[in-house]
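One-letter residues, chain by chain:
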Amino acid sequence: MSPKTTVSVTLNLSFIKTQISSAPRYSLKNNFSDSVSLSQSHSHKLSSAFPIDLSEIKKRMSQVAVEAPPKGGFSFDLCRRNGMLSKKGVPPPSYRKTGTTIVGLIFQDGVILGADTRATEGPIVCDKNCEKIHYMAPNIYCCGAGTAADTEAVTDMVSSQLQLHRYHTGRESRVVTALTLLKSHLFKYQGHVQAALVLGGVDANGPHLHTIYPHGSTDTLPFATMGSGSLAAMSVFESKYREGLTKEEGIKLVCEAICSGIFNDLGSGSNVDVCVITKGQKEYLRNHQLPNPRTYVSSKGFSFPRKTEVLLTRITPLKEMVEVIEGGDTMEE
Amino acid sequence: MDLGKVNLDAPHSMGTTIIGVTYNGGVVLGADSRTSTGVYVANRASDKITQLTDNVFVCRSGSAADSQIVSDYVRYFLHQHTIQLGQPATVKVAANLVRLLAYNNKNMLQTGMIVGGWDKYEGGKIYGVPLGGTIIEQPFSIGGSGSSYLYGFFDQAWKEGMTKDEAEQLVVKAVSLAIARDGASGGVVRTVIINSEGVTRNFYPGDKLPLWHEELEPHNSLLDILNSTSPEPMNI
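Residue numbers (full-length UniProt numbering), protein chains in the order written: chain A, 1 to 333; chain B, 1 to 236.
Because the hints were derived from the structure by calculation, they are not lab data.
Keep in mind that this is a model prediction, so the values were computed, not measured.
Among the hints, erroneous ones may be present.
As the list claims (entries may be wrong) - Using 25 Å as the maximum straight-line C-alpha spacing, the simulated PhoX-like pairs for lysine-lysine come out as follows:
1) A:Lys240 / B:Lys208
2) B:Lys92 / B:Lys120
3) B:Lys208 / B:Lys164
4) A:Lys279 / A:Lys252
5) B:Lys106 / A:Lys188
6) A:Lys252 / A:Lys240
What the hints assert, rightly or not - So, partial list: chain A residues that the calculated Cβ filter (under 8 Å) puts toward chain B:
7) Phe187
8) Tyr189
9) His215
10) Gly216
11) Ser217
12) Thr218
13) Asp219
14) Leu221
Here a beta-carbon is modelled for each residue, glycine too, at the ideal position from N, C-alpha and C.
Required output: the full structure, derived from the provided sequences and hints.
Structure (structure tokens):
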């Protein structure tokens, strides 16, 4: 084993141990006492480093609550309640989804990611120009489809984990690191975190493009589409993609695929965002294409004659104004 | 099947046909390449044969997320085990690690796997670990939704002591038969041959696979069908 691989093994241990020591209900049980003696000693070290004493919390919780949860970690009780409510006919509150068409492709120098910009709440467009291409690292970007809150939260979380990892290692982040962090988080929540992602970046091992599904499975592909408009975009890719595209051809193909999603899918619309990542450089082309401009803009402008009349003005200060005298009790060396 | 509404939030499952076959000197693992979400093919060229160590591979079927997580955990444990043992892990140990995870988490996992490899103590070995977490050592093993169509074929076509090429041809033929009949299997056929010399990965794209009764050759124009020869009958 080369030194490089042993370093990466111990680092991965610390990431995995932070998940296993919090004992989520859906972690896989492993009873390999001899083979993981190494890792167990690691986990003891980590748990003693935690400022929070888990046993204390459990004691307090069992005194206060009538029914304490059996172990730590994510509790799926509310998911059961939601299921029961929807069976009784109570409609679930509509949340903001990004209907979406997101795509990615690998071209000769790197990766190009593309996304539309429509965010929907049920049948209403709540944001006509949202940003679906999220920053993960200077050399890695991630497009997100599904529930907007989930994609934002999960990409922000992994982006900060990657930054800590960069400080720890002193090296540029790798796409597989981001991939593993995302997929383990999504698997832990068994598909309830509804984020479907297209992750792309260029690192020391070259350009990479991955798709990540809400249940935690991943695929590595030369071109990928996700979201409600993925079928429309995939049809464009399947007919026009080939290996070794130049940057202009790649951007053009990505725009075509996103436009195909925008015009043929109800959940996607508005503008096209593109992000081009190459070795050592990235270009975030926000609103690269605007195929849906506002057609009828009144040239006269708008005037609102009847304004609200002001009848009385009274100002009440809530606190006494204190005057600070300069050079009073200042600390002097 | 409701073709009107494609549910893209459905869990990623691998319809699959996976096969593992021992031969005189090693093993041949084979799989199709289709990953589906509901009725949409999410990945038509996926690699279902995952490496666990230099000499042990696993064919994955069932839920894509579950099988990926299990193989990631087993790869990690096997790596530790190899460091602690000081020599390459045996196929039996790899298969048992897969079995322990599958059995102890049987309520939460939905994945069937075939572990195959070569080690210096036992030679080429195939272990099937289906749903539920049984482990069974077999001279050949089939799994996945497409395997239903292959039980009779293997009863008739498999024999002891095949050569490497015979075994690989058998695997390719079997996977292409299953692809022809199972809607959830398709794409390309990938094979991995593991023996004392090492590992060889092969790839058979759709147009290189044999055609079966009433299957048409891919054509650019319907007029070409008139000029093409009729497909060859199946050779036993």
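Here is what the structure says about each hint:
no., hint, verdict
1, A:Lys240 / B:Lys208, "holds (23 Å)"
2, B:Lys92 / B:Lys120, "holds (12 Å)"
3, B:Lys208 / B:Lys164, "holds (19 Å)"
4, A:Lys279 / A:Lys252, "holds (20 Å)"
5, B:Lys106 / A:Lys188, "holds (16 Å)"
6, A:Lys252 / A:Lys240, "holds (11 Å)"
7, Phe187, "holds (5 Å)"
8, Tyr189, "violated (11 Å)"
9, His215, "holds (4 Å)"
10, Gly216, "holds (4 Å)"
11, Ser217, "holds (4 Å)"
12, Thr218, "holds (7 Å)"
13, Asp219, "holds (4 Å)"
14, Leu221, "holds (7 Å)"
Checked against the numbered hints given earlier, the structure breaks only hint 8 and satisfies all the rest.
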